[in-house]
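Novice: Letter by letter, the chains look like this.
2 protein chains.
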Amino acid sequence: MIQSDVLILGGLSGITAGISCRRHYPDKKVVLVRKEGTILIPCGIPYIYGTVGGPQYNVIPDGLLESNDIQLVKNEAVDVDREKKIVTLADGETISYDKLVFATGSLPAVPPIPGVDKKNVYPIRKDYHYLEDVFEEMKSVRDIVIIGGGFIGVEFADECRKGRDVNITVVEALPHCLQMALDDEFCAEAQEKLSETGVKILVNTKVESIIGDDAVSGVRLSDGNELKADMVILGIGAKPNTSLAEKSGIELGYNKAIRVDAHMQTYTDPNIFACGDCAEKQSFFTGRPINVMLASIATAEARIAGANLYSPVHHHTGAISVFSSVVDGRAFAVAGLTERQAKEYGMNIVIGRAQAPDTHPGGMPNSTMTKVKLMFAKETGVILGGSISGGRSVGEMINVVSACIMHRMTANDIVQFQMGTHPALTSSPIVYPIVNAACKAVLPIRNCQ
Amino acid sequence: MIQSDVLILGGLSGITAGISCRRHYPDKKVVLVRKEGTILIPCGIPYIYGTVGGPQYNVIPDGLLESNDIQLVKNEAVDVDREKKIVTLADGETISYDKLVFATGSLPAVPPIPGVDKKNVYPIRKDYHYLEDVFEEMKSVRDIVIIGGGFIGVEFADECRKGRDVNITVVEALPHCLQMALDDEFCAEAQEKLSETGVKILVNTKVESIIGDDAVSGVRLSDGNELKADMVILGIGAKPNTSLAEKSGIELGYNKAIRVDAHMQTYTDPNIFACGDCAEKQSFFTGRPINVMLASIATAEARIAGANLYSPVHHHTGAISVFSSVVDGRAFAVAGLTERQAKEYGMNIVIGRAQAPDTHPGGMPNSTMTKVKLMFAKETGVILGGSISGGRSVGEMINVVSACIMHRMTANDIVQFQMGTHPALTSSPIVYPIVNAACKAVLPIRNCQ
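Residue numbers (my numbering), protein chains in the order written: chain A, 1 to 449; chain B, 1 to 449.
So that you can see chain A by itself, here it is in the shape it has in the complex (with noise of 0.2 Å):
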């Protein structure tokens, strides 16, 4: 048997959560176990089959663990006696722990479309050897079919045909490509951008059946129609990894995901913690449970359980989800809700909107229009949330809106906001467009006040 005081279960949130617990307890012994030999930077995944060029480039180094001398262990968990706290792996090996932490994640969602399980059809797994063999594949493949219009589906496909000659068609059951995550002005804008590439996408539509002898030969729309494929591309989304710790007794929440409190502590044992996919998420705004899996709230939960094992030292304040994508090198970002979202929540709200070039003049080299949309709430003026497309810098003013929505700044704090700017780097301070997008709810806020 194996002893250890902490013992960590999972991949990407789990490393993370071993260096926050490493950095806080440093005296404690703490072994990750997990089934993959090579784990692979999640959201790196699309880029896999086109900028980056194969897996081997997108894989997350052990030496994080060996640097914060946390002992890996390649097997599978398989059964965790939680009052003998005792964890035995898939070859009887067993694993003594004072503290758990489920780090499990995410496995794709497999939707029930007749003829799902002929070869050349890709849920996409998370699994180094299994992306390979499809990267492979795809060396000779000329129809490609992605179902399913959110990131994952329009990132792979704007990542596939770079390179290759090969049809690509999205099928997206919604009106538009991205409609859970971007409002409909940015999905339009970001489905243009993906047409313009060459890629046909298919909205309103749903596959009713995949068809082929062994392998996919093509799939059969809900319009009647049929399109030719030799592969098809599952991005229909995910659910929490949460079969080990249903078995063990922990106590589930919404969707399935281990249900836990704002330490990151179970409901069930005190001595049991989870963060990432498999954790429940509470909304930031509404304290509600939300179905929302983002590698940058997994690292953030990992942060706060590895702290937390021992005794509370960070306090969960709930899922912003701020996330970024690029399709054909336009950026499309959203921290908070999105007006859609507001809406369906019934609250009242204020937009701001700006748009600038991202340095100034615009006439510098590699200048790329900016456009922000902020949202606040009418009756108070605090902000709810931002969605901005343009160049390379959004991935990073995204992250600004991230931390005015952190401490609930209002739409009169973030008109006094003092950015930063530098002509190659920024807009200009003139017509900052977080700023000025701000400025241009201040009044309607008041007036309502």
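The hints are simulated quantities; they were obtained by calculation from the structure and are not laboratory data. Yeah, the Cβ is synthetic: ideal placement off N, Cα and C, and Gly gets one too.
Chain A side only, calculated, beta carbon under 10 Å to chain B, not exhaustive:
no., residue
1, L294
2, I297
3, R303
4, H315
5, S324
6, E396
7, F417
8, T421
9, P429
10, K440
For this one, chain A is given, so just place chain B on it according to the hints.
Specialist: The following block gives chain B in isolation, referenced to the frame of chain A:
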């Protein structure tokens, strides 16, 4: 006599004050008086001489005034009769006002070096035709000496070398270039980048005199050496342009800047406001008056002043001082205090450092290593400042730090920061350096509590 409700004297921050006023007081007649026919983006001035290619590409369009219904009078204000509330212009025309805003900016400091008035010795004035003359003159020079290695001097050196066969030497009196702005390790990095471009840098060196007949032919240094020079650029700094305010009996404060309160209202006259380089600044951290001139502070103050003219809307919390620069493609930025400044104030501090590539995996194209240094108050954990060097994303990363400073976040808060991440746009969430730098500071802060 021209009638106005709101009369604004000045350039860049005058425009922003006018727009803010228009937004809050849609019915007021707003007039802006300035001497300059065409005004320039101030931070873009060094880029006229390289990347941008001429002053005509660095102009602030007057369309911003027209679209906000602000009347522009191109003339010089020479007298203010505060009792009658009338301003007199150089041509004898008068303008009545109800509220008056000084946004008169700054003038370049000219050091009392013998020979400083010779031909081809140029302080950097924000004057279109003057800078155009410098641009033309630069076409035929061979040896440029830049006196002063602050941001203006360093940016001029980096830009003037582009596309020209010239020898450039920067002469700096302090031990490092950029020493007033950056901590030593970042100064060293920036200086090395600049040296690699072929620019010669002399530190710990003063200019004793500027030599030549009518025109400059060289400079004599404090170490006895002489440098050949057919052009000298002065990048020494600037002083508030407040002679008219002083003549009008408005109280001046530190560094002869116009004394204003948190509403940007002058101490002297409730109908007179000031903003931008001509207005006195208080430190966000200490409340003490400080000598800092940044376009980003100027525009923030202008937004406050314009909104507050008829009743306080915004409250200035003091200057955080956020700025960024680029040396040979590498960005350097600071928000808040540097370590040197904090130590000068006698503060107990904890520093956290982290670095990471600004894409993930690092093998994504255009990946740049980003270095982050955050500084916290030891007793409270409140963030006091951040310094970053890296690629283009630094321009907005420093604004993330500024937002954290604005709401006095603690290291604990920043550990839980939910940043959006994307392979092409940001660091990996595991190593996102703003968060990781905070993580490294948490324990040293706790251990002292």
